[in-house]
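So the chains spell out like this:
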Amino acid sequence: MKKWLIMILTLALGLLGLAGCSSSDETSSDGKVEITYGFWDKKQVPAIEEIIKLFNEKNPDIKVKTELTPYAQYFQKLETAATGGALPDVLWMNGPHVVQYAKGKVILPLSDMAKKDDYSFDNYPKSLIDLYTVDEEVYGIPKDFDTTGLWYNKKIFDEAGVPYPDDTWDWNKLKEVATKLTNKDKGIWGYAALMGNQGGYYDFIWQNGGHIISEDGKSVGFDQPEAIEALKYNISFIEDGLSPTQAQMTETAASELFSSGKIAMMFDGPWMVPEYKKNPDLNVAVVPKGKQRAVAIHGLSNVIAANTKHKEAAWKFVQFLGSKEAAEVYANTGTVIPAYNGTQDAWLQSVPNLNLKAFIDGVDYSVPLPSVENTGEIWQYETDILKKAWSEEESVEDAVKELTKKANEALSNN
Amino acid sequence: MKRRSSFFSLFSLKGGSIVKEIPLQVEVNAKRRKLKVPNLSKTRKRSDFFWAYLMIAPTMLGLLVFYLWPILQTIYFSFTEWGAFGQYEWTGLDNYKRMVDDANLLQSFKNTGIYILFTVPIGIFLSILVAVLLNQKIKGKSVYRTLYFLPVITMPAAIAMVWRWLYNSDYGLLNYLLSLIGIKGPQWVSDPKIALYSIIVVAIWSGIGYNVVIFLSGLQGIPKTYYEAAEIDGAGPIKVFFKITLPLLSPVIFFVTIMSFIGAFQVFDLIFMMIGKGSTALEKTQSIVYLFYQHAFVLNDKGYAAAIAVLLLIIILIITAIQMVLQKKWVHYD
Numbered sequence: 080m081k082k083w084l085i086m087i088l089t090l091a092l093g094l095l096g097l098a099g100c101s102s103s104d105e106t107s108s109d110g111k112v113e114i115t116y117g118f119w120d121k122k123q124v125p126a127i128e129e130i131i132k133l134f135n136e137k138n139p140d141i142k143v144k145t146e147l148t149p150y151a152q153y154f155q156k157l158e159t160a161a162t163g164g165a166l167p168d169v170l171w172m173n174g175p176h177v178v179q180y181a182k183g184k185v186i187l188p189l190s191d192m193a194k195k196d197d198y199s200f201d202n203y204p205k206s207l208i209d210l211y212t213v214d215e216e217v218y219g220i221p222k223d224f225d226t227t228g229l230w231y232n233k234k235i236f237d238e239a240g241v242p243y244p245d246d247t248w249d250w251n252k253l254k255e256v257a258t259k260l261t262n263k264d265k266g267i268w269g270y271a272a273l274m275g276n277q278g279g280y281y282d283f284i285w286q287n288g289g290h291i292i293s294e295d296g297k298s299v300g301f302d303q304p305e306a307i308e309a310l311k312y313n314i315s316f317i318e319d320g321l322s323p324t325q326a327q328m329t330e331t332a333a334s335e336l337f338s339s340g341k342i343a344m345m346f347d348g349p350w351m352v353p354e355y356k357k358n359p360d361l362n363v364a365v366v367p368k369g370k371q372r373a374v375a376i377h378g379l380s381n382v383i384a385a386n387t388k389h390k391e392a393a394w395k396f397v398q399f400l401g402s403k404e405a406a407e408v409y410a411n412t413g414t415v416i417p418a419y420n421g422t423q424d425a426w427l428q429s430v431p432n433l434n435l436k437a438f439i440d441g442v443d444y445s446v447p448l449p450s451v452e453n454t455g456e457i458w459q460y461e462t463d464i465l466k467k468a469w470s471e472e473e474s475v476e477d478a479v480k481e482l483t484k485k486a487n488e489a490l491s492n493n
Numbered sequence: 033m034k035r036r037s038s039f040f041s042l043f044s045l046k047g048g049s050i051v052k053e054i055p056l057q058v059e060v061n062a063k064r065r066k067l068k069v070p071n072l073s074k075t076r077k078r079s080d081f082f083w084a085y086l087m088i089a090p091t092m093l094g095l096l097v098f099y100l101w102p103i104l105q106t107i108y109f110s111f112t113e114w115g116a117f118g119q120y121e122w123t124g125l126d127n128y129k130r131m132v133d134d135a136n137l138l139q140s141f142k143n144t145g146i147y148i149l150f151t152v153p154i155g156i157f158l159s160i161l162v163a164v165l166l167n168q169k170i171k172g173k174s175v176y177r178t179l180y181f182l183p184v185i186t187m188p189a190a191i192a193m194v195w196r197w198l199y200n201s202d203y204g205l206l207n208y209l210l211s212l213i214g215i216k217g218p219q220w221v222s223d224p225k226i227a228l229y230s231i232i233v234v235a236i237w238s239g240i241g242y243n244v245v246i247f248l249s250g251l252q253g254i255p256k257t258y259y260e261a262a263e264i265d266g267a268g269p270i271k272v273f274f275k276i277t278l279p280l281l282s283p284v285i286f287f288v289t290i291m292s293f294i295g296a297f298q299v300f301d302l303i304f305m306m307i308g309k310g311s312t313a314l315e316k317t318q319s320i321v322y323l324f325y326q327h328a329f330v331l332n333d334k335g336y337a338a339a340i341a342v343l344l345l346i347i348i349l350i351i352t353a354i355q356m357v358l359q360k361k362w363v364h365y366d
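Top to bottom, those sequences are chains A and B.
Every position in the first sequence, counted from 1, becomes a number in my numbering once 79 is added.
Every position in the second sequence, counted from 1, becomes a number in my numbering once 32 is added.
A few of these clues could be false.
[Claimed, not checked] Straight line, CA to CA, 30 angstroms or less: simulated DSS-like cross-link-like pairs of lysine-lysine:
1) B/Lys-309 to A/Lys-182
2) A/Lys-265 to B/Lys-216
3) A/Lys-357 to A/Lys-436
4) A/Lys-485 to B/Lys-77
5) B/Lys-256 to A/Lys-311
The hints are simulated quantities; they were obtained by calculation from the structure and are not laboratory data.
All chains, please: the whole structure from these sequences, using the hints.
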């Protein structure tokens, strides 16, 4: 009996030791309010540090501590932190997750605070505000955005004597040129039919007049004729040997094939600029049109965690992050397209030999990336099921049937 | 020698030399006790316990907090269904019922089964072979030992990335070499029929080093006198291997087998790194733990993931128990 008592005591002693490790400070010693800022992109650290410096010139009482988590772990970590009420006060949010976080009440609606402070949401592209609007409440202040462009390799075009892509291009033209540029002997494919939703089959489905998620959010539109036609068009590049196969593209990323001159054209976003600008043969144009023009738009925003103890300070910081001043810092460093209207020009000039304007032109007819409470689950089904159609194991019709069934089930669980 | 046998006594109560040692110590203690005042020994004993527990408290605490508690929690969560941000509700046996007609789970069991059937026996066979060869008097022995051990200290992620490139069907070294002799190589990691075996090769290659080290220490623990006696009796090297080396190595083989089984059951990183998310070969390669990861962290279906983990725990327990029973038939302790 005594043995047990001693054992329990030693355990308790050990526990006390452990507990001692985890004490937390609310306010820092000099009376300043301290807030944390969570984000994932290391490339943006210099810009963020500069913005915090500017912020502190106006708000010396608010100390901002940065918390960098790589994207691969970012949302896993956030979810655990949200469960324990330990989210950073201000944090980056993306479209696919915002509904889940808003409905889970772990981030704060900003509309009331914005109204009180006369803060205008009109300074950002409307599709981005829509992306972060859940149940008519705005939850995030847009920070940056990205659309998709048709990247191409000038050298391959020149060698085949084909004019470069421009805004007159449509689906037929894309296919026609891809056929001309494909050169089996040299190992060159005309086009890369990526199995990706943003900048991939979503764009094609919208261009063909289809939809991804219905207005009421109750069903998906993958089994509609417009969507089936768009998916088939995309996959036909693989069937006709104009694009690497799905297996080839999982073994060697299409972006790698493209930057090493094995692919003549592909869809990709502005985040690839730092990579593609290294190869002087590459340039970018607007995406071709289908029945109509459409391109997915997505952008990040800054949100406030519901568990914050310094709501006022966090709101001040988020306002500043969404300000013109902060956007200019982003534009000048050239890493992202800032969301604040009119600040994009500096970004356009950051790489003069690339036609970066193609990405901004897309904003006019852009469609926000659909976001529902369980976007992640639907995306998972898309990858699992559509890949069978992409690898020609299954017909597009069979694949979309299964995908629609599973995705609709997921939506009905909301 | 002494340390080894006491280590393996964990697995077998026979415990070799330790059995011989214990009575000896008791005798010494008994003598000492007779010399000293008997009352003192009792208090002494209690304070001994106190210090012993104090010394093992940090480890015990670690075990309880980081192993035992999560296991209990996992078992509890396997009866729940999860929503966003840690809300969950008790759903009884629902997760286990769902398992019955989950084709993916069945396939992942098949995949893991094939993986075990190949990696464990081939891995152990090759490790013994290499260990025996490295135990000979050859030149540059330490160079070879280092080479064989290198994959063990290399990060699995790095191993997977390098092999991915070797296996690349269009630009990989392997298919390039095959093309030189006029063979068009397969899609090593994308063809659903081949991908799992490609992974098995990497797993065996990267696992040999660790086992070799254990086998080497086992081999060096075999007393030279046996070999000398065998030599005098005129036994050839093959007979020596089967009659002396193998039986005396059997406790080590047993240990390595158990560890390899458990390790193979838990395979995850190689598959995660070598088979891409959108890969056509994913269904035919995903292991039980991969499926667990998928449900727990991608689909946020933590209840079902917990049920998979519990099932895996039960299977490993059963197989290890079977091995414990079977070992009586083939494992020799001196």
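Hints, one by one, checked against the model:
1. Straight-line distance between C-alpha atoms of B/Lys-309 and A/Lys-182 comes to about 28 angstroms, which keeps the hinted pair within the 30 angstroms bound.
2. Our distance criterion of 30 angstroms between C-alpha atoms is met by A/Lys-265 and B/Lys-216, whose separation comes to about 17 angstroms.
3. Note on A/Lys-357 and A/Lys-436: the hinted pairing holds, with a Cα-Cα distance of about 18 angstroms set against a maximum of 30 angstroms.
4. As the CA atoms of A/Lys-485 and B/Lys-77 are separated by approximately 66 angstroms, the hinted pair breaks the 30 angstroms bound.
5. With a C-alpha separation of about 72 angstroms, the suggested pair B/Lys-256 and A/Lys-311 falls outside the 30 angstroms cut-off, and the hint is violated.
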